[in-house]
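Colleague: Listed here are the chains, written in short residue letters.
2 protein chains.
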Amino acid sequence: MKQIEGGICAVRGVSAYGIKPGKMGIAVIHAEGPAAGVFTKNRVVAAPVILSRERIETEHRLSAIIANSGNANAFTGDDGFLDAMEMASMVAEKLELDPDTVAVASTGVIGRKLDVSFIREHLPEVLEGLGSSPECSLAAAKAIMTTDKALKECAVELDCGVRIGAIAKGSGMIEPNMGTMLCFAYTDANVPADVLETALKQAVNKTFNMVVVDGDTSTNDMVLFTSTCKSGIKPCMESLDDFEEALIYVFTDLAKKMAKDGEGATKLIEARVTGAKKYEDARLVAKAIVRSPLVKSAIFGKDPNWGRVVAAAGYSGAELEQERLSLSFLGGGEEVELVKSGEISTASDLALLKKIMANDEIVITVDLAMGGESATAWGCDLTYDYIRINADYTT
Amino acid sequence: MKQIEGGICAVRGVSAYGIKPGKMGIAVIHAEGPAAGVFTKNRVVAAPVILSRERIETEHRLSAIIANSGNANAFTGDDGFLDAMEMASMVAEKLELDPDTVAVASTGVIGRKLDVSFIREHLPEVLEGLGSSPECSLAAAKAIMTTDKALKECAVELDCGVRIGAIAKGSGMIEPNMGTMLCFAYTDANVPADVLETALKQAVNKTFNMVVVDGDTSTNDMVLFTSTCKSGIKPCMESLDDFEEALIYVFTDLAKKMAKDGEGATKLIEARVTGAKKYEDARLVAKAIVRSPLVKSAIFGKDPNWGRVVAAAGYSGAELEQERLSLSFLGGGEEVELVKSGEISTASDLALLKKIMANDEIVITVDLAMGGESATAWGCDLTYDYIRINADYTT
Chain A
2 MKQIEGGICA VRGVSAYGIK PGKMGIAVIH AEGPAAGVFT KNRVVAAPVI LSRERIETEH
62 RLSAIIANSG NANAFTGDDG FLDAMEMASM VAEKLELDPD TVAVASTGVI GRKLDVSFIR
122 EHLPEVLEGL GSSPECSLAA AKAIMTTDKA LKECAVELDC GVRIGAIAKG SGMIEPNMGT
182 MLCFAYTDAN VPADVLETAL KQAVNKTFNM VVVDGDTSTN DMVLFTSTCK SGIKPCMESL
242 DDFEEALIYV FTDLAKKMAK DGEGATKLIE ARVTGAKKYE DARLVAKAIV RSPLVKSAIF
302 GKDPNWGRVV AAAGYSGAEL EQERLSLSFL GGGEEVELVK SGEISTASDL ALLKKIMAND
362 EIVITVDLAM GGESATAWGC DLTYDYIRIN ADYTT
Chain B
2 MKQIEGGICA VRGVSAYGIK PGKMGIAVIH AEGPAAGVFT KNRVVAAPVI LSRERIETEH
62 RLSAIIANSG NANAFTGDDG FLDAMEMASM VAEKLELDPD TVAVASTGVI GRKLDVSFIR
122 EHLPEVLEGL GSSPECSLAA AKAIMTTDKA LKECAVELDC GVRIGAIAKG SGMIEPNMGT
182 MLCFAYTDAN VPADVLETAL KQAVNKTFNM VVVDGDTSTN DMVLFTSTCK SGIKPCMESL
242 DDFEEALIYV FTDLAKKMAK DGEGATKLIE ARVTGAKKYE DARLVAKAIV RSPLVKSAIF
302 GKDPNWGRVV AAAGYSGAEL EQERLSLSFL GGGEEVELVK SGEISTASDL ALLKKIMAND
362 EIVITVDLAM GGESATAWGC DLTYDYIRIN ADYTT
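The listed protein sequences correspond, in order, to chains A and B. Using the working numbering, the first residue of the first sequence is number 2, and each one after it goes up by one. Using the working numbering, the first residue of the second sequence is number 2, and each one after it goes up by one.
Hints are computed from structural coordinates only; laboratory data are not their basis. Do not take every clue at face value.
Identical chains blur together in the list; that is why a pair holds if it fits in one copy or across any two.
As the list claims (entries may be wrong) - Mimicking EDC-like on lysine to aspartate or glutamate, the simulated pairs with C-alpha atoms at most 16 Å apart in a straight line are: (1) LYS24 - GLU344; (2) LYS207 - GLU246; (3) LYS3 - GLU126; (4) LYS258 - ASP79; (5) LYS114 - GLU344; (6) LYS231 - ASP368; (7) LYS258 - ASP361; (8) LYS258 - GLU344; (9) LYS279 - GLU246; (10) LYS279 - GLU320; (11) LYS202 - GLU246; (12) LYS21 - GLU126; (13) LYS303 - ASP393; (14) LYS355 - GLU122; (15) LYS24 - GLU335.
Given the sequences, and given the hints that come with them, work out the whole structure.
Modeller: Below you can see the structure in the form of structure tokens.
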């Protein structure tokens, strides 16, 4: 397997484009084939989530996706649902597709009526731009950004020639719960919808569901995975393991990009938990560390206050014994061991910890020494800019 | 019942004092009688929590409490436990008490060895100052403060003459879970330890356990409740209801002071949830609202982004239907209804919401219209100062 250029357009049979003239952006992706999706578990769900979920569950295939940024079309009642329907219908009509196979996604402010006239007005320009060049994937990825500062796309080619590509957005209101932020993934492998679904659920749990920016689960989270089947290649492995592994690779890349581009973030935090009795324990500890506002603030300020990491592990709900726990920080190629089997380590060096904390990417490793399970989560530091962005979002 | 002056020293039989010459403070409270306690549910627990919990569970009574600020004595191994033992022994020896009835509490940085020599050196001054004046309660309350900016004490007298008083500290690392931050409560009612325990658990669940500053549950949370029995009055009500209600009154007062004094906070947020099917649903929604970094940032910036409140309700885990939900904001004597039974209300007025958000105390009311249960939680806004304080705590 190797990483390749081109984002979703690297996948045979995918064309895309997008524009973002102001606060609102529109992207369209045209790719026909079997499809699967995972959606937010928030009890308040946006109109496009209701619509797209229903279509995926009924049709098990997609022909296109239309997505807008700048307005979440959430908590907008029946009107919001009709607006989402109209978005899909406009695309279906122009591209001559079955409207029931067009998915809709939205991201932005909650509780404001969607300006459909804006979409009506600018959609022709988007459809005209549809193409399969790397620039077309970039344009679509850019159009769905809100507070994102970095583009998020990734593509790989398996040894057998099958390709997988995806674009994503996400920067704030991020603690995906079963679903995730917006992510549109494609493959040209010749696989049916149920294979896509199995691979998708497993990959999402290990990647996007392990990212926390602020702990707020969105009303609009959605990952859609469509296969164009255009490679003509059935996955080359008996067990589909390589295919699933490749999807996890792509999603891990995007999940890390999401965490690193968390609202106001200056650093990527990776929490690796090993030695857990159960996978669930490892997951709880890893997520508690990257969710903790105190850990995140300390890392922003390069304050060597590692005690907050063990406090977060302690309240995570995981089974642990403080006498067994070991803790180290890694960054810029240097590592410091702070706790060894419950005792402050002789290698503990707060000056070195402060130096490690100055790096852009910091890995925190917690070994629970309770068993053999492990998990990794990603997050970012909590900064003045997070407050600035979110104290003044709608105005 | 009426509120009275004097904090814990308003309670007959309580003497107290404290000093805080620098980053570290020491407080001692001398009051003998039956006692109950609740403690943090963090799996990483500080040495003083282990010691005090064991003593309360064995003796069911206390004679004194010694507390220090500036160092949590948490994750400090066997040495930390010996240090906590020594703190208690010093007090027991000087005041001629049974050391097994002296509780210890600590608050401050985690994972640093306690400077016991500081306590040894300054304890005589504290013991010399022990007294029953209102100033003595203030001195004790002041000595246990860390990043707290406001003193937290409250006392009441029941109609029958029984008094209840408490002091507390807490500003950051606050999402109490079963236990709470440091709080020392006293009464002179003639009641046994099991009555204290029942009243204490119930009151803590409705008050301190409903406060969120940042969502980090401390390793050192502790509430101790001792009766001096010095009023000579057995609670005057057959059912103890008045006694329990008075304790809830005192703890609610302190819980609100804690939320309002949250690290960096400029505003108190009260989330009232009504119409829940089960109490647990009401509790989940209320706490999710005051925990949400996005809601907290919006309130800091007076950004009328109310959609974040319904998003938080949605991911709280509570049973709800978005078609039934109503939402309003109240502040400075004005109220605005934003959502009525799932639809954006005709009374919705973003300019008025912005004006309401400018007040120091903001009440958010969510009616789920699913049943008859309700709950209230308290929190604060998320500000630049929270980051400043926590990016640079140990250095």
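Colleague: Each hint: holds or not?
Modeller: Here is how each hint holds up against the structure:
For the homomeric pair LYS24 and GLU344, neither the shortest alpha-carbon distance inside one copy (52 Å) nor that between copies (25 Å) is at most 16 Å. Taking the closest pair of Cα atoms, LYS207 and GLU246 come within 16 Å of each other only inside a single copy of the chain (11 Å); across copies the shortest separation is 47 Å, beyond that limit. With identical chains, the CA atoms of LYS3 and GLU126 are never at most 16 Å apart, being 34 Å at best within one copy and 71 Å at best between copies. Taking the closest pair of Cα atoms, LYS258 and ASP79 never come within 16 Å of each other, the shortest separation being 35 Å inside a single copy and 42 Å across copies.
In this homomeric assembly, LYS114 and GLU344 come within 16 Å of each other (Cα to Cα) only across copies, at 11 Å, whereas the closest approach inside a single copy is 56 Å. For the homomeric pair LYS231 and ASP368, neither the shortest alpha-carbon distance inside one copy (45 Å) nor that between copies (51 Å) is at most 16 Å. Within a single copy, LYS258 and ASP361 get their C-alpha atoms as close as 13 Å, which meets the 16 Å cut-off; across copies the closest is 38 Å, which misses it. Taking identical chains as interchangeable, the C-alpha atoms of LYS258 and GLU344 are never at most 16 Å apart, the minima being 35 Å within one chain and 36 Å between chains.
For the homomeric pair LYS279 and GLU246, neither the shortest alpha-carbon distance inside one copy (22 Å) nor that between copies (43 Å) is at most 16 Å. Taking CA atoms no more than 16 Å apart as the test, LYS279 paired with GLU320 passes inside one copy only; the shortest distance there is 9 Å, against 28 Å between copies. In the homo-oligomer, the alpha carbons of LYS202 and GLU246 lie at most 16 Å apart inside one protomer (12 Å), although the nearest pairing across protomers, at 49 Å, exceeds that limit. Only within a single protomer do LYS21 and GLU126 lie at most 16 Å apart by alpha-carbon distance; the minimum there is 11 Å, versus 68 Å between protomers.
Taking CA atoms no more than 16 Å apart as the test, LYS303 paired with ASP393 passes between copies only; the shortest distance there is 8 Å, against 27 Å inside one copy. Taking identical chains as interchangeable, the C-alpha atoms of LYS355 and GLU122 are never at most 16 Å apart, the minima being 53 Å within one chain and 32 Å between chains. For the identical chains of this complex, LYS24 and GLU335 are neighbours neither inside a copy (42 Å) nor across copies (32 Å), given an alpha-carbon limit of 16 Å.
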